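Undergrad: One-letter residues, chain by chain:
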Amino acid sequence: MFIIARNLKNFNQDHHHKRSMTINQAELLSIEQFLSTLARDQVGPIIKSKSGTQHSYDAKSGARAVDIVTEIDKQVEKLIWTAVKEKYPTFKFVGEESYVPGKTAITDDPTFIIDPIDGTTNFVHDFPFSCTSLGLTINKVPVVGVIYNPHLDLLISASENNGVRVNGIDFDFKAKIQSMGPLKLSKSVVALQPGSAREGPNFKTKIRTYENLLSCDGGFVHGFRNLGSSAMTMAYICLGYLDSYWDGGCYAWDVCAGWCILKETGGRVVGANAGEWAVAVDNRTYLAVRGCENPQEQEQYIRDFWKCVEGRLDYK
Amino acid sequence: MALTKEQLKEIETNLVEVASKQVGPIIKEKTGTHFESFDDKANQVDLVTAVDKKIESIIKDALSKLYPDFRFVGEETYKPGDTEIGAEPTFIVDPIDGTTNFIHGYPYSCTSLGLVENGKPVVGVVFNPHLNQMYHASAGNGAFLNGKPIKVAERDLKLQKSIIALEAGSERSSGSSGDDNFDIKQATYKNLLSDQGAYIHGSRSCGSAAMNMCMVATGTLDAYWEGGCWAWDVCAGWSILTEAGGIVVGGNPNEWEVPVDDRCYLAVRGGSTYPSQKTFVEGFWSHVAGKLKYHW
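Chains D and H, in that order, are what the protein sequence lines are.
Heads up: the first sequence begins at 24 in our numbering, then just goes up one per residue.
Heads up: the second sequence begins at -13 in our numbering, then just goes up one per residue.
So here's chain H without its partners, still in its complex pose:
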């Protein structure tokens, strides 16, 4: 079965409804009020709160009523090694993306609701209740911000003229975990910034993968490079970005096609031709200082 354009639009509309009416108000009300929930465990920068779980169950309930046959993958119900994303329509949901922001009251937390079919993101809804920004899209139906079509102005896409989202993430050990992802990331940031390297215009960091994807979708950012985030962090934004003319490839060199759960991505804005996007990607990859490795 393949969902039609009309069905996808209807799903988009329903997700917008859930995000704005049921999820947004809770995120807005609870942000910055949960400092007592800080967990001091080593390496526990990624904070999970009771609110996260509560919101995920609200979303799951709402969606299973509307779409009882669809599968559901959420950050809070994910089981390592057990949860798989197949070909059937699957909601991939992050109840609160940007948990650190949420806890600190930094206005870049949001809810991220996506749907994949045949492994490809086909519906995306990202709602930031603090800035009142609702990004939404579905395959073949275009991308929107608060109901207005997202149009990225046609302009040059050049690595040296770009601003790129780069995040530290929560994995911060140098080598001790067996992976050297943290070191590779830091070395890559240096290569991108240095006047001996890509010498990009600037890097930005807002602490939310979904918001970064949306800012690439609108062309506010030129690109976003990430390793370590999860399918639910990027799924919705991926669909929105694709509908706005952007592309998502692997964060490691030469990975032109990656699955939604690759955990390592490079997202590039629209407003330019595919050949220039390709040149941008190849230029970017030449500065990646090693191979990022993640497990699903």
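Okay, chain D solo, but in the shape it has when bound:
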């Protein structure tokens, strides 16, 4: 633990030490600041200037035929990779574009988990909810999260035990939560996204669950919203605009940054299926719920939500 006292520069040169150590709070904040600057100054301008300009694109095959990959996605990931490698050469890196199914594993080591452009369909259509999503896990737990949407010029960031910042200014999420009143399923606005896989049992489960949530005989939620970006959705929950988000099919890089920020605001991420109280960052199904003053209320909300889930989301 002697490492804690050191500054980050020395720490990074400290290759030979085992990675299973902790990184202290000040170091996490410094990583958050580094990623924030990278997102705002380098990634954001590319996303903003290229959004809506890619009219020719490759459609991925099979289940992800509507999941569009652009050249720019790849370029942006490379830019991020290069920057973080230089600054944190010992950290691992998992990115959407470099991910290899079945091969890429998230370990206990400090690992950047990033989505260069989250909301690719939004990006292609110039719908102003694409963003970059930069996260860091240690011991598989999200400890730094940075989300930047250049269209709205909205930067939201957090690191473990350091609170949340919006455009660099400390965000008083406690006051926000107090102003929001009780957390109840029937009084909540829920984010739901059909996603890109539109056949098979998972699609059926989603459609049936949406109906159950909306129906006056079911959850009867106040409303649902669909932004087409997991990271922006998580950011909006953190800001107190939405109460929860239920999804399946997304990946660790879609939720990692948002997860860290949400946790800092007292929010909670569990699995999309009933009973999944503890899930890994790469679980691929999630229910994210905002913070509230009474933790029991949050637990009850999760139980009530799960009652509306009909079938089971499974991406293994």
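Treat each hint with caution, since some may be false.
Here are some of the chain D residues that sit facing chain H, going by a computed Cβ distance under 8 Å [what the hints assert, rightly or not]: (1) 122; (2) 125; (3) 126; (4) 149; (5) 202; (6) 212; (7) 230; (8) 238; (9) 248; (10) 251; (11) 263.
The set of hints was computed from the structure by calculation and includes no laboratory data.
In this text, all values refer to a predicted model and were calculated from it rather than measured experimentally.
Beta carbons: idealized from backbone N, C-alpha and C, even for Gly.
Got chain D sorted already, so can you dock chain H onto it with the hints?
TA: For chain H alone, coordinates are given in the frame of chain D:
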């Protein structure tokens, strides 16, 4: 009488003034602060607040001073079975569109001020004070966002490549009300999304009809399909969309011409030719799973 282009522009300018100076600040200040007003009555998802009424009276006062001869239809003063939209110039106003957003502090509530003449939307002003977006247009004068002309980039309009706004709305009973609108909507969403159906690129939902219309007007969205909303939800956006090259048809198949109070609409963006818009509409209608029925 028919209003001239110049008169319409002047009305547009006055509505922009009312929206930005008198309405916007109240919406911005009061959003997210009215949770105590939640009404737990069954089926009462559509929340009406005191603020809504206050804003409507502010707008009505301002407009009746400027245009004493024009009629006024507002969400809060509407009387079922009694309020009719005739040929005379009529302001059609939603003081706060996206009431659920307003209550929850979700930044997609706005004010929606429209004018119809001979039943057709001819002026539209939609102002979202949270995002500081002022959409405005009048017939023959073009459409603008914050004073800049809205230009939709010319590009392909194809159902399978589109993103479409789809909302759940507040009517959520399955069959029990005698109408099966909720079931028809859910089945249509499924048809649109499924790889066995239209397999659209994506659906989006922001919870405000007026904002959806404006996003179709700018080409941010390709289309918006809705049943159950009211003339005041769409009137302003309709005028803005039309001026930006888009079209509005019925939400049910084969309804190419619908009145502003039809309550069931399909709005399609510009940036493409009328024949491609027509093909898009016909393709879309083929996925509508039944006939939506609403009463005015």
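Undergrad: Work down the list of hints and note, for each, if the structure agrees.
TA: For each hint, the structure was consulted:
1. 122: violated, 22 Å
2. 125: At 24 Å from the nearest chain H Cβ, residue 125 of chain D fails the 8 Å test, so the hint is violated.
3. 126: violated, 27 Å
4. 149: holds, 6 Å
5. 202: holds, 7 Å
6. 212: holds, 5 Å
7. 230: holds, 5 Å
8. 238: Where the cut-off is 8 Å and the nearest Cβ of chain H is about 6 Å from residue 238 of chain D, the hint holds.
9. 248: Holds. Min distance 5 Å.
10. 251: This interface hint holds because 5 Å falls under the 8 Å limit.
11. 263: holds, 6 Å
Checked against the numbered hints given earlier, this structure breaks hints 1, 2, 3; the rest are met.
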